[in-house]
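Using the working numbering, the letters of the sequence shown correspond one by one to residues 35 to 351.
Bear in mind the hints are in silico, worked out from the structure with no lab data behind them.
Incorrect hints may have been included.
[Said to hold, decoys possible] Here are the simulated lysine-lysine pairs, DSBU-like style, with alpha carbons at most 35 Å apart:
1. K78 <-> K222
2. K133 <-> K156
3. K285 <-> K234
4. K222 <-> K156
5. K253 <-> K263
6. K347 <-> K222
7. K156 <-> K223
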Amino acid sequence: MRTLAFLSGIHSRSEELIDSTKAFDRAEISDSTLEMCYRKDTRKLIGLEVEAELDFICDGMLRWHDPLRPFIRSLEGVVPGPYYRWFETNTFFRKPIVKGELSIAGNSLEQLFFLDLLPSDKDSLVVLPGPYTLSRLSEDEYYGDVLSLVPAYAKTLDYTVRRLSSARKLGVVLSEPCLVYDGTRPDKKVLSVIVEEIEKIASNSSFCLVHTYFGDASKILNLLDSFSKPWIGVDLTETYVEALNAFHGKKVALGILDSLSPIVETPSSLKRLFDKVKKIDFASIAFCPNTDLRYLPREISDNKIRSLKLLKKIVED
């Protein structure tokens, strides 16, 4: 069985980069110096991804302070609001406040990622917040309801993917924790809108993953089963392996690395889990962290990337 492996979110910053950001906050270094530090750390991460033989290379989103804010700042019609806790983690995000019609703000999209550092001979991807999660976590003062806000956000995401892909072939991961998190799962009225809008985005991308986490994906099988073009991402720390039988015939990305645990997955633990997974007849299968690795120290996060290489070797053997 051929498998894919890639990162699925924001990676940890190195201690050197963290020190540089603090120095910048103290006005001890310039914008250009900080930018050089970001680029240096990004190059190191990309080198590790290549060394680990990941199938898609991303820049690690080291400049992203939270999973929403950089994208929100690339838009007109919405501003970052007060800080809120990011689900059940010890991190925070700026709540988007929608004040007008959403549109792309100038040339700001090019500042979201270090696309120029990605190797030209490798497949690449970018990670963006999904339209439903953006809508569900926003304070809407303009559109009036989620049914209208989801298409508005989706339109900006579709444009973003097409524009970023104009210079190179790019896959996209749409982060959608709100699809599965208790208390934010969509009702039936919103389901068809979500599917329709994400299918449009997927049609303009060489690879598209709808990545769910922080909740049990088996509870929204009626939604996930409706997708045709996108892959489906499942958090294996929240979803029992036995429930994956329902994804028979689907393209599934398994969030097999626990991004909230400092324990690095061993070959034996990965093999035990894969022995259960391989009994299911997926159309295609991929492996990734269940969510951002940014919650862990850089050394541990890097070692988890190396675990993906070990897992692929287990599968191929």
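Verify the proposed pairing of K222 with K156, using a straight-line Cα cut of 35 Å. The given pair, whose Cα atoms are some 40 Å apart, is violated under the 35 Å limit.
Does the structure keep K253 and K263 at a Cα separation of 35 Å or less? holds, 21 Å
Regarding the pair K285 and K234, is the alpha-carbon distance no greater than 35 Å? holds, 17 Å
Measure nothing beyond the straight line between the CA atoms of K133 and K156; if it is 35 Å or shorter, mark the hint as holding. Outside the cut-off at roughly 40 Å; violated.
Sort out whether K222 lies within 35 Å of K78, counting only the CA atoms. violated, 44 Å
Taken at face value, is the distance from the CA of K223 to the CA of K156 at most 35 Å? Not OK: K156 and K223 at ~40 Å, beyond 35 Å, violated.
K347 and K222: Cα distance at most 35 Å? Violated, at roughly 41 Å.
Hints 1, 2, 4, 6, 7 from the earlier list are contradicted by this structure; the remaining hints agree with it.
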